[in-house]
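Dock chain V with the ligand against the given chain R, drawing on the hints supplied.
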Amino acid sequence: MNKIMTHFVVGFPTMEKSFAAVEAAIEGGASFIELQFPFSDPTADGVLIQDACAVALEQGFRVADGFDFVEKIREKYIVPVFVMSYAGLVFAYGVENFVKKAKSSGVSGLIVPDFPFDYDAGLYQACRESGVHAVAVVLPSIEESRLEQILSLDQRYIYVAIRAGITGQESQVSGEITAFLQKIRRRGKFVLAGFGISSPQQVAALATSCDACVVGSAIVKRLTESPDSLEELKSFVKNLSVAG
Amino acid sequence: MQDYNNFFGEFGGRYVAEVLRQPLDELEAAYLDITKDKSFRKEFEHYLKVYVGRPTPLLFAENLSKTLGGGNLFIKMEGLAHTGAHKINNALGQILLAKRMGKKRIIAETGAGQHGVATAAVCAKFGIPCRVYMGEVDMKRQRPNVFRMETFGAEVVAVKSGSRTLKDAVNEALRDWASSFDETYYLLGSALGPSPYPDMVRFFQSIIGREVKSQAREQKVRIDKMVACVGGGSNAIGFFSPFLEKKKPHLIGVEAGGRGKLLGEHAARMNNLGRDSVVQGYRSLFLLDDDGQVATTHSISAGLDYPGIGPQLAFCGETGRIEFVTASDVQALEAIKIFARNEGVFMALESAHAAAYALKILPTMKKGENLVVNMSGSGDKDIFITAKELDREKWIEFLKKEAADE
Ligand SMILES: Cc1ncc(COP(=O)(O)O)c(C=O)c1O
Chain R
1 MNKIMTHFVV GFPTMEKSFA AVEAAIEGGA SFIELQFPFS DPTADGVLIQ
51 DACAVALEQG FRVADGFDFV EKIREKYIVP VFVMSYAGLV FAYGVENFVK
101 KAKSSGVSGL IVPDFPFDYD AGLYQACRES GVHAVAVVLP SIEESRLEQI
151 LSLDQRYIYV AIRAGITGQE SQVSGEITAF LQKIRRRGKF VLAGFGISSP
201 QQVAALATSC DACVVGSAIV KRLTESPDSL EELKSFVKNL SVAG
Chain V
1 MQDYNNFFGE FGGRYVAEVL RQPLDELEAA YLDITKDKSF RKEFEHYLKV
51 YVGRPTPLLF AENLSKTLGG GNLFIKMEGL AHTGAHKINN ALGQILLAKR
101 MGKKRIIAET GAGQHGVATA AVCAKFGIPC RVYMGEVDMK RQRPNVFRME
151 TFGAEVVAVK SGSRTLKDAV NEALRDWASS FDETYYLLGS ALGPSPYPDM
201 VRFFQSIIGR EVKSQAREQK VRIDKMVACV GGGSNAIGFF SPFLEKKKPH
251 LIGVEAGGRG KLLGEHAARM NNLGRDSVVQ GYRSLFLLDD DGQVATTHSI
301 SAGLDYPGIG PQLAFCGETG RIEFVTASDV QALEAIKIFA RNEGVFMALE
351 SAHAAAYALK ILPTMKKGEN LVVNMSGSGD KDIFITAKEL DREKWIEFLK
401 KEAADE
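As they're listed, the protein sequences go chains R and V. Numbering-wise (my numbering), the first sequence opens with residue 1 and increments by one. Numbering-wise (my numbering), the second sequence opens with residue 1 and increments by one.
Only chain R is shown next, with the shape it has when bound in the complex (with noise of 0.2 angstroms):
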């Protein structure tokens, strides 16, 4: 059984919106919680996320304004948060100002793809030290070296993205993803898998090989399209999770 993590960008449609919508999808049985701070340069996103991203910051998004967002759901919820963002936003608050106050707001894990662990300004040993979890981004046509070099880190989860390319396109779940994600888990690591995934199909051919599977752009999908129709919102995540 795998479980679900529904990731958000912060602020869009509104913050009081984003807020709601954070609510349906737990409420729809949603694991896990991923917040993506947005940045002004979000490289690894396609259009729908990157409008999103653009909306909330136009309406002033501030990183003490995500924190904020974080301690309110934790307040109400026991579900982790995971925040996402750039490494731009994270290196200009201070690397290691941006993990503790993480901490304190009740963030389980961070996830910076652009602060693979060599080049990571830090992040990795002020996750360390302050009890957060860094969580890695690899792709299954890694190289076996690097991958290691990733795996012996004494980190517990590790996000796999399951096609190359930026969020937002369908992905097909083959063999080839399925087995490199279960060759992962077998490490004893919590696997993440994200990058396209947006059907309970999909969900379903990698029950058995993830641990959670992310869903990101099909809600900013939801989010864009619809943004108050949270009934809809919760049932479609409800079906994700049912289907794992």
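Keep in mind the hints are simulated off the structure, nothing from the lab. Quick caveat, the model's predicted, so the values are computed rather than measured. Incorrect hints may appear among the rest.
Claimed, not checked - Some, not all, of what chain V presents toward chain R, calculated at C-beta under 7 angstroms:
hint : residue
1    : TYR15
2    : ALA17
3    : GLU18
4    : SER161
As the list claims (entries may be wrong) - Sample of chain V residues facing chain R (criterion: CB under 10 angstroms; computed from the structure):
hint : residue
5    : ARG21
6    : ASN63
7    : SER180
As the list claims (entries may be wrong) - Here are some chain V residues the structure puts well away from chain R; computed CB gaps all over 12 angstroms:
hint : residue
8    : GLY69
9    : ARG100
10   : LYS167
11   : LYS261
12   : LEU390
Using N, Cα and C, we set each Cβ at its ideal position, and we do this for glycine too.
Just chain V with the ligand, lined up with the frame of chain R:
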């Protein structure tokens, strides 16, 4: 030749998502190979001569030197390079590298369009399909270059995200590359981005500085000061390259002062205006808002309108090897007029920033001292901006008539 650098002090690096790690590692290996390969150098030098038209002249600006008093002014005429700017040096070097790597498709970003035009030209010459990302704002203000790229057969894609300028074009190229790197070579146009780009672009652009050095020797000129404009920094770092390890000459980088000192009114990152951060794969100084978001910038020149500065230049600024100053939009326009009237040289808006500062300091120099300014490009691409600014009525009348005739 300097050793290959990944970091310049703390600046530089390869801060990219795992997906781009492999193509960058591959690029680095290929780049290191060609720096040791005599046959590559021969091929590069051959095309620099027969295609780019190098060497470009080092011109003594006799009239301005006389009129302004003080030192002697020289102009490195990069604008005479094929396609009208220094950008072709790098585009040529990288296309030869892409060919060696067996890549089948080229992508590039462009600001002023000069890098896009240079890339489109070499792609046509070497028979590789090419896509150029260009911010919508830049497509409008550098329209002639869009036409040139398309004439060379390139596909020009309008970037509509963010500030719709150079920075956003870089983002879009990175996004393309993240899924296309097997077949596609990303031909980056300035000395920025994740390693090995900053060092590699310097390597290909260092031909400018090496020529200046030997031309000055031939003309028996001792260089006291060198001035270049700084967008991402490729013309500046190439021009300064052979002199960086020495104490002399005095090296000056000119950033875009735009129309004011407030955030959003300029594109000057040095002198405590930019902040240390990690953006677009490299650590350097960037113009940021108070919450760490990349700020919008302004410059009349599309090529300087970028919030980050190449990591090696940022480092040389911190060590003091390079002094950084600014020139405003208005000063750049004024410099275009002065160089055109007095020397018959039509500077690109970018280069005109360097030219403006050269005009300012020349009179303060001692007799017999020599200053070389890099004319990184020619002003042909800018006439839709410069004509409107410098000769507004006649130009608008012409445009109206032209549209009516159609
Ligand atoms: C003529 C010219 N000069 C300068 C620049 C700025 O780039 P860089 O700082 O990389 O030389 C450009 C960029 O488009 C340009 O076209």
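Here is how each hint holds up against the structure:
1. TYR15: Interface hint status for TYR15/V: holds (5 angstroms vs cutoff 7 angstroms).
2. ALA17: holds (4 angstroms)
3. GLU18: Since the shortest Cβ distance to chain R is 5 angstroms, the answer is holds.
4. SER161: Status holds, d = 5 angstroms.
5. ARG21: holds (7 angstroms)
6. ASN63: At 45 angstroms from the nearest chain R Cβ, ASN63/V fails the 10 angstroms test, so the hint is violated.
7. SER180: holds (8 angstroms)
8. GLY69: holds (46 angstroms)
9. ARG100: holds (21 angstroms)
10. LYS167: violated (7 angstroms)
11. LYS261: holds (21 angstroms)
12. LEU390: holds (34 angstroms)
In summary, the structure is inconsistent with hints 6 and 10 from the numbered list given earlier, while agreeing with the others.
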